[in-house]
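Mapping of the sequence shown onto the UniProt record's numbering: position 503 corresponds to residue 503, and the numbering continues sequentially without gaps.
Hints are computed from structural coordinates only; laboratory data are not their basis.
C-beta: ideal position from N, C-alpha, C; glycine also.
Where hints are given, some of them may not hold.
Unchecked claim - Label pairs and their in silico Cβ distance ranges:
id, residue 1, residue 2, range
1, D486, A12, 30 to 36 angstroms
2, D327, L471, 16 to 22 angstroms
3, D381, N6, 57 to 63 angstroms
4, S360, T435, 21 to 27 angstroms
5, T294, P468, 40 to 46 angstroms
6, S497, G354, 23 to 29 angstroms
7, K484, T435, 38 to 44 angstroms
8, G49, S360, 47 to 53 angstroms
9, D40, G354, 37 to 43 angstroms
10, T9, D336, 21 to 27 angstroms
11, T294, D486, 27 to 33 angstroms
12, P276, G354, 37 to 43 angstroms
13, R485, G229, 44 to 50 angstroms
14, D381, E320, 20 to 26 angstroms
Stated by the list, open to error - For lysine-lysine, the following DSS-like pairs were computed, each having C-alpha atoms within a straight-line distance of at most 25 angstroms:
id, residue 1, residue 2
15, K246, K367
16, K437, K484
17, K252, K17
18, K367, K437
19, K179, K367
20, K17, K246
21, K367, K178
22, K484, K178
23, K484, K179
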Amino acid sequence: MNENQNPSTAEADHWGKVCLDYLEGGEKAPLPEFLQLLQDPRFCATLAGYSIDYGELQSLSSEDGDARVQDSPATIEAAFAAAVGVPCDAIGATPAKRSGVRRPAKAGASSGRWNAALLAGGLGVLAASLLAGLFVASRHWGDAPFRPHVARDADALDAADRGIQAVAWSGQVMVDGKKVGWDAGEEVWLRNGVVVATGGGSGLVSLRYADGTIVELASESTASFELRGGQKLVDVEAGFVSASVKPQPAGKPLKITTAEATIEVVGTELAISRVPSATTLSVSGGQVRMWRSTDGELVEVNAGEYAVASTPENGDRSPEYRAFDLDRCPDQWVEDFEDGLPSEWNSGSWVSQGLPDGSSGGVTASKSLDGDDFGVATGVDQEIWKRGLVSIHEDSVLNLRMKVSRDDFYHVLVFMRGRMHYEYQEPHRQRSDWTGKWRTLSIPLAAFKRTGREFEGGDDFEARDMTPPVLDRPIYMVMVSSQKRDLGLVIDRMWISRDPSVTEPTVTTDVE
Numbered sequence: 001m002n003e004n005q006n007p008s009t010a011e012a013d014h015w016g017k018v019c020l021d022y023l024e025g026g027e028k029a030p031l032p033e034f035l036q037l038l039q040d041p042r043f044c045a046t047l048a049g050y051s052i053d054y055g056e057l058q059s060l061s062s063e064d065g066d067a068r069v070q071d072s073p074a075t076i077e078a079a080f081a082a083a084v085g086v087p088c089d090a091i092g093a094t095p096a097k098r099s100g101v102r103r104p105a106k107a108g109a110s111s112g113r114w115n116a117a118l119l120a121g122g123l124g125v126l127a128a129s130l131l132a133g134l135f136v137a138s139r140h141w142g143d144a145p146f147r148p149h150v151a152r153d154a155d156a157l158d159a160a161d162r163g164i165q166a167v168a169w170s171g172q173v174m175v176d177g178k179k180v181g182w183d184a185g186e187e188v189w190l191r192n193g194v195v196v197a198t199g200g201g202s203g204l205v206s207l208r209y210a211d212g213t214i215v216e217l218a219s220e221s222t223a224s225f226e227l228r229g230g231q232k233l234v235d236v237e238a239g240f241v242s243a244s245v246k247p248q249p250a251g252k253p254l255k256i257t258t259a260e261a262t263i264e265v266v267g268t269e270l271a272i273s274r275v276p277s278a279t280t281l282s283v284s285g286g287q288v289r290m291w292r293s294t295d296g297e298l299v300e301v302n303a304g305e306y307a308v309a310s311t312p313e314n315g316d317r318s319p320e321y322r323a324f325d326l327d328r329c330p331d332q333w334v335e336d337f338e339d340g341l342p343s344e345w346n347s348g349s350w351v352s353q354g355l356p357d358g359s360s361g362g363v364t365a366s367k368s369l370d371g372d373d374f375g376v377a378t379g380v381d382q383e384i385w386k387r388g389l390v391s392i393h394e395d396s397v398l399n400l401r402m403k404v405s406r407d408d409f410y411h412v413l414v415f416m417r418g419r420m421h422y423e424y425q426e427p428h429r430q431r432s433d434w435t436g437k438w439r440t441l442s443i444p445l446a447a448f449k450r451t452g453r454e455f456e457g458g459d460d461f462e463a464r465d466m467t468p469p470v471l472d473r474p475i476y477m478v479m480v481s482s483q484k485r486d487l488g489l490v491i492d493r494m495w496i497s498r499d500p501s502v503t504e505p506t507v508t509t510d511v512e
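Can you make the complete structure from the sequences, with help from the hints?
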């Protein structure tokens with residue numbers, strides 16, 4: 001990126017749309033994209049210009065009585081407050097329900113505070129702050145200002161400031177709007193009040209509280225985390241979030257909020273997906289209570305159930321608000337790519353040439369959407385996050401019909417919610433025998449081992465304790481990755497079956 005080069009016409013048009021969507025408080029601009037663009041000084045300059053224009057329009061509208069602008073969910077008042085670190089209430093705004101900044105008071109409550117001095121002086125400060133990349137694009141409970149966010153070890157934070165620990169991550173992860181570059185196995189503590197976002201593709205982060213409660217964000221997700229008086233508060237802006245919650249103190253349930261609902265958890269396992277105007281809660285253990293924001297109605301969701309809280313748009317009728325039985329997660333799964341690459345997949349490119357006889361579709365490894373790693377990875381949508389991709393049993397086997405053009409390291413990973421990530425590494429002697437040849441690799445799920453340096457053996461797969469996936473739980477993502485190495489990996493078919501005869505990894509050459 002050349003910081004002195006003007007954006008192209010297409011870039012400028014897109015940036016303008018992102019700026020307006022954000023300033024107007026809409027759901028059209030994904031927050032991860034907005035936060036990523038803030039790393040580009042040229043975008044910050046564009047945003048500063050739009051913010052000034054928007055503030056002037058707000059000021060004029062307060063004189064002309066244009067209620068449509070006065071009632072907008074985000075104004076330059078909130079943007080100014082966020083940019084210079086002043087609590088919004090100090091200039092007459094009230095907290096936003098769903099915007100990354102704060103929602104202004106209704107028409108007439110604060111319009112008089114927009115005087116010429118604020119526009120002339122304050123907006124100039126705002127523009128300078130945005131150009132410096134200091135815009136705070138996140139909301140939190142209460143009026144305490146945001147604080148620096150990362151410490152490399154627990155001792156670097158006072159106990160009162162220590163919020164949550166990052167214990168696993170992949171792809172692009174942002175903290176308070178800045179991309180992080182943590183090293184594998186590093187002990188990373190995040191301060192109380194932090195905002196965490198994941199990018200598209202393989203973006204993923206697992207966060208752990210001191211009591212062992214795990215909250216996990218899948219790709220394209222944003223949430224903020226706060227501890228207040230011993231109570232855990234999580235606000236989900238967008239995306240896919242799961243929680244494995246240890247028993248909480250009496251009267252202090254873990255509280256999860258979205259624009260559409262407030263959810264209280266005493267101790268259970270659950271998953272939440274949030275798309276514009278709808279929050280879906282699914283529960284795999286225990287009971288969770290959810291209150292709908294529009295009317296305060298309560299629904300109790302038990303293990304094996306889900307419920308949807310939504311805000312109707314354009315007069316459309318809201319889905320029925322009650323607990324429904326979850327569809328049973330299938331115990332077998334297959335993808336043959338005959339109809340192309342599924343739209344939700346995170347990485348991989350569809351191919352139709354150079355495949356085994358009778359095949360018309362396959363996938364070749366490509367760089368992930370948010371990094372430099374090569375691989376093939378399934379993706380997450382609302383249905384998969386709610387129910388799972390496939391459930392695991394004692395005789396479950398992952399099969400890959402594949403070939404590589406050169407011999408080097410790769411590994412196969414499966415992901416369960418709740419910081420349950422497992423991998424299999426093929427021995428080098430087995431890889432080298434089949435370079436350039438089609439083969440079917442069949443791996444019992446029992447041969448997978450839990451990932452993470454905190455487990456015995458750490459990064460050494462052979463030395464690591466055998467900790468296979470938990471039975472009767474769903475996998476939500478499968479990945480084959482060669483990290484930064486391009487091995488020319490091509491997969492013709494991948495599937496999970498149940499076959500008690502496969503008790504150890506095997507290779508067959510049933511295709512040419």
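Checklist entry - Taking the beta carbons of T294 and D486, is their distance inside 27 to 33 angstroms? => result The hinted range 27 to 33 angstroms is violated for T294 and D486, with Cβ atoms some 50 angstroms apart.
Checklist entry - CB of K484 to CB of T435, is that within 38 to 44 angstroms? => result At roughly 19 angstroms between Cβ atoms, T435 and K484 fall outside 38 to 44 angstroms, so the hint is violated.
Checklist entry - Are S360 and T435 spaced within 21 to 27 angstroms by their CB atoms? => result Given a distance of about 25 angstroms, which is inside 21 to 27 angstroms, the answer is holds.
Next on the checklist: Given the hinted pair K252 and K17, is their Cα-Cα distance within 25 angstroms?
Outcome noted: This hinted pair is violated, its Cα atoms lying about 41 angstroms apart.
Checklist entry - Given the hint that K246 pairs with K367, does the C-alpha gap stay at or below 25 angstroms? => result Violated, at roughly 37 angstroms.
Next on the checklist: Check whether the Cα positions of K367 and K178 lie no farther apart than 25 angstroms.
Outcome noted: Within the cut-off at roughly 22 angstroms; holds.
Checklist entry - Do the beta carbons of T9 and D336 sit within 21 to 27 angstroms of each other? => result Taking Cβ atoms as reference, T9 and D336 lie about 42 angstroms apart, which means the hint is violated.
Checklist entry - That 40 to 46 angstroms hint for T294 and P468 (C-beta), does it hold up? => result 44 angstroms, holds
Checklist entry - Would you say the C-beta atoms of R485 and G229 sit inside 44 to 50 angstroms of each other? => result This hint holds: roughly 49 angstroms between Cβ atoms.
Checklist entry - Are D40 and G354 spaced within 37 to 43 angstroms by their CB atoms? => result Once the Cβ atoms are compared, 39 angstroms apart, the range 37 to 43 angstroms for G354 and D40 holds.
Next on the checklist: A range of 37 to 43 angstroms was offered for this pair. Does it hold for the Cβ distance of P276 and G354?
Outcome noted: 41 angstroms, holds
Checklist entry - How does the Cβ-Cβ distance of S497 and G354 compare with 23 to 29 angstroms: does it lie in that range? => result 25 angstroms, holds
Consistency note: the structure conflicts with the earlier hints numbered 3, 7, 10, 11, 15, 17 and 20.
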